[in-house]
Amino acid sequence: SSSGGPAFSQLLSDQVDVLKGSGPPLHPPEGEKYVVLFPESLEHALAPLDDAIGAVVQSAARGPMGRIIINLAKVVTLFTAIEVGLTFPLFLLMLRAKDCEAILAIYTMLAMTVLTQIPKRFMHRVRPFAAGRAECFSNVTTSCFPSRAVVGAVVFVNLAESLVHDSASASCMPRWFPSWSSLCLIIACALLASLCRIVLGVHYASDCVGGFLLGVIVNLIGTALARAHVSSCGCNKMEEPPPPLRLTMGSGIVLVVLIGASVATVLILLLPPLTFFRKTLHAFSTLFVALIFSLVFLCPAGGQSYLRNDDSATVDEVIIACFLSGTFSAIGMAVQNAVKKSIMRTIAVFVVLLGTGLLIVVTSPFPKPPRV
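Residue numbers for the sequence shown follow the numbering used here, beginning at 199 and rising by one.
Hints were generated in silico from the structure; no laboratory data involved.
Since the model is a prediction, treat every value here as computed from it, not as a measurement.
The beta carbon of each residue, even a glycine, is placed where N, CA and C say it ideally should be.
Hints may be right or wrong, so weigh each one.
[As the list claims (entries may be wrong)] Just the calculated beta-carbon pair ranges, DEER-fashion:
| no. | residue 1 | residue 2 | range |
| --- | --- | --- | --- |
| 1 | Gly-553 | Ala-279 | 20 to 28 Å |
| 2 | Thr-340 | Thr-463 | 21 to 29 Å |
| 3 | Ile-518 | Ile-316 | 30 to 38 Å |
Please take these sequences and the hints and turn them into a complete structure.
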């Protein structure tokens with residue numbers, strides 16, 4: 199969660215004093231409910247290694263290639279941001295050719311959104327540059343533990359690997375673990391993301407290790423939930439034309455219940471003293487659209503046993519799906535900042551986004567000729 203004002207300034211001053219061996223005990227920022235500070239004993243234990251690694255990595259930014267390295271680090275960070283992953287489920291569902299992978303993406307991104315925010319919301323660790331332990335190349339004031347960018351690197355590579363694996367597989371059931379080659383790629387991307395965040399002065403090495411471990415946990419939870427969902431479905435490998443989407447009496451009731459539950463969930467997350475996530479509107483409007491669509495219009499509530507899993511999407515369809523999902527996500531990000539000071543406006547916008555998103559996904563499937 200973001201902090202500001204005198205309370206945050208005092209917090210930074212206190213943490214610097216503690217690291218120097220003087221000053222008052224650390225305390226949660228004034229006005230923040232249910233927040234504890236990163237354990238002081240653990241901070242002291244990690245400080246020597248964190249500071250040594252940070253100094254070595256940041257030395258690259260002081261050389262002749264410093265500006266290029268900083269800009270490359272910001273580009274890498276952009277691709278590991280949670281906003282990138284939030285669009286992935288909608289994109290896959292709009293194709294109506296990758297339902298199995300979309301189910302995995304939905305549950306994995308829900309797990310990532312919740313699990314990465316819990317420690318950031320309830321435990322505050324001051325960023326290295328703000329604590330005077332690193333140079334500042336990116337001004338971010340939220341808690342730094344764990345590194346969500348590293349979680350994103352682990353999660354996004356795993357989801358991309360599922361596209362390659364499941365397209366060649368006769369089963370829609372997601373695998374528990376990636377292949378050895380994919381595991382090496384995940385580790386390499388996580389290391390790259392870690393170096394980028396450290397060089398920018400916004401994370402310690404221990405934040406990145408925590409991010410990697412949390413990314414593994416997110417992948418396992420997402421896979422477990424997706425396997426539970428897929429186990430109730432069949433898999434249509436296009437031996438026959440896919441059935442049309444339809445809303446039955448049973449699935450209509452499920453739709454109303456899920457919309458109500460979604461609104462109630464977002465309201466709880468927004469109301470003080472919880473105020474869980476400043477990106478609640480954008481994150482959950484995007485993910486709940488995908489989740490509700492999959493539960494209502496696909497199996498099992500949708501009255502069909504099919505999950506589409508084939509390679510029939512054309513380049514044009516991919517471009518259109520990418521444009522629609524990206525535009526919807528961008529609108530969510532834009533209006534989020536415009537209504538953030540009013541809970542009622544945020545809920546109203548959430549309902550509008552939910553309905554609009556469902557309409558887009560329901561009407562976006564392209565007609566597919568039966569495979570001969």
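Whether the CB-CB distance between Gly-553 and Ala-279 falls inside 20 to 28 Å: Holds, since Gly-553 and Ala-279 (Cβ atoms, about 26 Å apart) stay within the stated range.
Range hint compliance [Cβ, Thr-340 to Thr-463, 21 to 29 Å]: holds, 22 Å
Status of the given 30 to 38 Å range, CB of Ile-316 versus CB of Ile-518: holds, 36 Å
Figure legend: structure checked against the earlier numbered hints; every hint is met.
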